[in-house]
Amino acid sequence: MLKRLSDWIEERTGYRRIVHEALDEPIPGGARWRYVFGSCLTAAFLIQALTGVLMMTTYSPSATTAWGSVYYITHVMDFGWFVRGLHHFGAQAMVVLLGLHLAQVVLAGAYRSPREFNWWFGLALLFVTMGLGLTGYLLPWDQKGYWATKVATNIMGNAPLIGPTLQKLLVGGSEYGNQTLTRFYTLHVAVLPALLVGLLVIHIALFRKHGVTHPPQTRDLIDRFWPKQVFFDTVAITLVVAIVAGLTLWEQFRGHGIPLDAPADPASSDYPARPEWYFLSLFQLLNQLPLWLQGFSLSASQIEVLGTVVIPGTILLILVLLPFLDRLFPRRLAHFLAVGFLFALAGGALHLTWQALATDAADPAFAQARARAAEAGRRAQQLASTSGIPPQGASSLLRDDPLTRGHSELSSHCLGCHVHNGQGLLTTTRHETSPAQRDQIPDPPAIDGLTDDARRALAAALPTFRPTSASANPTPSRPNWLRVEGVNQLGESVLVDVSSDGRWVEAQTSSRQTASDLAGFGTSAWLRGLLENPSDDRYFGKVQAAGGMRRWKKNSKLTAEELDQIVDFFARHVSTIPEDLPASEWIDQPEVQAHPAYRHFAEGGECATCHADWVFPNEEAPNLYGWGSAWWTRRMILRPQAPHFYGFLDESDRMPSFAGKLTDAGLHALIRYLRGDYIPPDHPQTASSDAEPGRQPTP
Amino acid sequence: MTAPASSSPPLSPLQPDPPSRRRFYALATNLLGGLIALLVGIPGVRFLLDPLGRRQDQGGFRTLPLTLAELEVGVPRQVPIVEVRTDAWVKYPPEPVGSVWLVRQSEGSQPPLVAFSAECPHLGCAVNLAADGQTFICPCHASAFRLDGQRLNEIPPRPLDQLEVDPESIASTQTPIRVKFERFRTGSEEKIPLA
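The listed protein sequences derive, respectively, from chains Y and E. Numbering-wise (my numbering), the first sequence opens with residue 3 and increments by one. Numbering-wise (my numbering), the second sequence opens with residue 1407 and increments by one.
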C-alpha cells in the first residue's frame, strides 16, 4: 500500500532521485564526528524557526503590548515557558555552535581555494545570526533588551558619516518605541530569517559541490552520508537539544524562570545595562581601549570609532581575506598563520569576556543595581499576575504601583525631613581603597570583629566617621562583609559596610529626622499612637514647632477607652468623608453627633480646645475635617500653608508646599503607599530595599 | 598524521559497514530524531492548542442598576452589561461588554420579568427594537422576533436566547434586577452555552 503510494508520487515528482542525492552524497575520507557542526547549526536554526513561529501566534510588537504578551507566553500559556526557553537558550547554542563550526573550518583549512565562496557565505551567515540575536534581544521590551538595544544602536550612530542616519532609520526616529519594535520585529522574523535561509541554501549547495575537506591521505576512503554520518549528526543534534532543553528546565524549576526583566522604563537611572554574553568582549573592548591608548592623545570619539568600527572591521576584513593568505605565503605557513589568528581572536575574546564578568563580580554597586533590577522584574511579574496588565501598557505596572512609585516619591520628596518606619533618606557612598591608602593610617580605631585591613580602610575612606558600636556584625545577605554603626560629623547616623579584604567601604547615611514618621500616616494605628504619646519620635517628638498635642497630653484626663473611641470616630466618620461633602452638611448628620467621641470636639471637650472648628480654620491647630482620607493628605501636601492646615505657623517652622513638584499619579501612589494600600510583595525584600510589607488601610 | 604502520592493511576504498551496523545507525538515527521531534513537538502542539483549554468566566448573575419598578409593562428596555474584561494579557477597566433586553410582563403574570440576550442567535449581531416598539429586529440580516422572543421569520435558527433572572431579585419591585449574562453558540437550532 505504502509502496504503491510512493510509486504514484515518484512517477509524478521523481522525488526519489532528490532523496537519493541528499542521502547518498559521497564523503571522501569517511564519516567523522568533526563534521557534525554544520548539521547541528541547521537543526538549531530549525528549532529557532519553529519556536519562533509558535511565539508569533501570541507575541504583539508594540511598546504597550510586547512585555505583556511575552509575560503571557511565559507564565500563562500551556508550555509557553518551554517554547520561549528553547528559543532563548537555542539562540545562545547557535552562537556557540557557530564558533565551533568556524574553528573546525579554519583548523581543517576548509576556507582555502577552491572553497572561498563557501567561506564568505559562512561569514555572512555568522553576521545574520548575530543580527538575529541582537534584534531578538529587544522584542520582550524589558529593561534588559531596551537598554542593551539603546547602547548597541548608539554605537552604530557613532559610526562616521552614515551612522546617525542609519541609526535613525533602524530606530524609526530618535525615540525608542513602537517604531523601533516593529522594525526590529520585521528584521527578526522576516528579513534576517529569509536572508539566512537563502545564504544557507547556497552555503550547503557549495559545500555539496566541493565535499568535505578531509585529511589528505584519506582520499580513497569513500563513505556515504547515509547512514553513518547522519547518525553522527543526529547524536550531536540530540546532545545540543538536550543541553538547551536541560537549561530551560533548570531555569524554570531551579532558577528564577525564563528571564524577563521589568518592562522597559526610559526614565530609570540605575539599570546596569549589559549586552548578551556573546557581545561582552566587544563591550569590554570599548571599556578597555581608553586605558590601553592613554599615551596616544586620541579624543574619546576617535577611540570610540576605533573600538566600534576600525577594530571589528579589521578583524572582519582579515577573515574575509583569509583564503588569499595562500598567495602570499607557502601553504603550510599560511594555514599556520590563519590558525594562529583564530586562536588569538578566541583568546582575546575570552580574556575580554572574563575581564568584563570579573569586573562586574567585584563591583558591589553592580551587584546591588542588578539585585534592584531583578526585584523590579519580580514585582512587575507579580503585579501582572495579580491585577492584570492595564490597557495603557505594562510600563504602568510599576509606575502606578504604590509600593514602587510611592516609595520612590517618598524618598525624593519627603525623607529629607520625615522618616518612614524610622528610616530617613538613605544616601549611599562607596569608596574603593588601595593598599597604599590603607597603609597611611597608622592607628585605626579599635572595632571588634574587623580585620586590621578593614579598620584601616574604614578610617581612610571615612575620616569623620565615629563608631557608636564597639563591634562589627555580619552584613545581612552579603557574605564576607561586616557592618559597623556610627555617626558622621553632622550627627547623622551612618551604617558602614566593609568588605573583609578592606577593598570596599560602603556608607549608608540616614538624614536627620525633623518631622513625623509617615509609615501608616492616616491609619487608625498611627492616630492611636499619636494620642497615646505625641512626644514619641514617630509623631511630634522631633518637631519643635508643633507642641500643641504634647501640651494637651500633659493635662489630658481621657482614658484609654476614650482614646479608642476617638480613633473609632475617625475611622468611621472622619477619614471616610467623601471629598464632595461640605463640612456644614456633615456636622448635622445625627450619627456623627451620636458617636460617643463627638463630645470631645463639642464645646468644653478636650479636643475642642484647639480643633473645635470643622468648617472654618482653627486658630492654633489644623482643621481635622476629613483627616486620614486621601484628599485631606493630598491637600496637606499641596497646601500646608493654608489656614485650614498650618497657616498659623511661621513659614520657617512649617512644611513647604509640594504643589507643582509632584504629579497627580505620583501623589496618588505616595498616599496609597503611606496608608499601606498596596499588594504586598510575594517574596522577602532584598537588603537594598527598605520597603515594608503592606498594612491594611483603615476601613 | 603519520602513515599507518606497515603491518596494517594498505588504504583502500572503504569497506561498506556491515549490514548489521548500517541497520543500527538507521535505527538509532530514527529513534533519536523521533525523540527530538516529540520533545519539541508535544509542547509546541500544546502551546498552539492553548486557547482550547481556556474558559471564559461566565460568572453567574450580574446585578443591573435597575429595579422592576423602573420598567413599564410591555416596553422593552436595553441594559448594558458592564464588567471588567480580560483580553489575553490585558485587563480593561469596567466597560460595557454586551447588553440584555428586559421586558416587564403584565401585572400578575409569572415571572414578572423576561430577559433576552441582545445577541442575535443567527450570527451574533445586536438586535434592536423596531419602530413599532413591538418587534425585535436584527440590523444585519433582518431576523425578527416578537416581544416574547419567538421568531417572526425563518432567518434565525431559534428564538431569542432567554436569560435566567434571579427570582428573588424580582420578587420585590424595588430591588435591583439580577440577570445571568451568558453567550450562546450562534447559527444552531439548539441553545448551547459558550464556555
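No lab work stands behind these hints, which were simulated from the structure alone. Computed from a prediction, not measured in an experiment: that's the story for all the values here. All C-beta atoms in this analysis are idealised placements derived from N, C-alpha and C, irrespective of residue type, glycine included. One thing to keep in mind: the hints can contain errors.
[To be verified] Derived list of chain E stretches under chain Y, where covered just means 3 residues or more per stretch with a C-beta under 8 Å from a C-beta of chain Y:
no.	stretch
1	1433 to 1444
2	1491 to 1498
3	1579 to 1585
Handout entry: Numbers of unmet hints, in rising order
Key = Violated hint (a single one): 3; every other hint is consistent with the structure.
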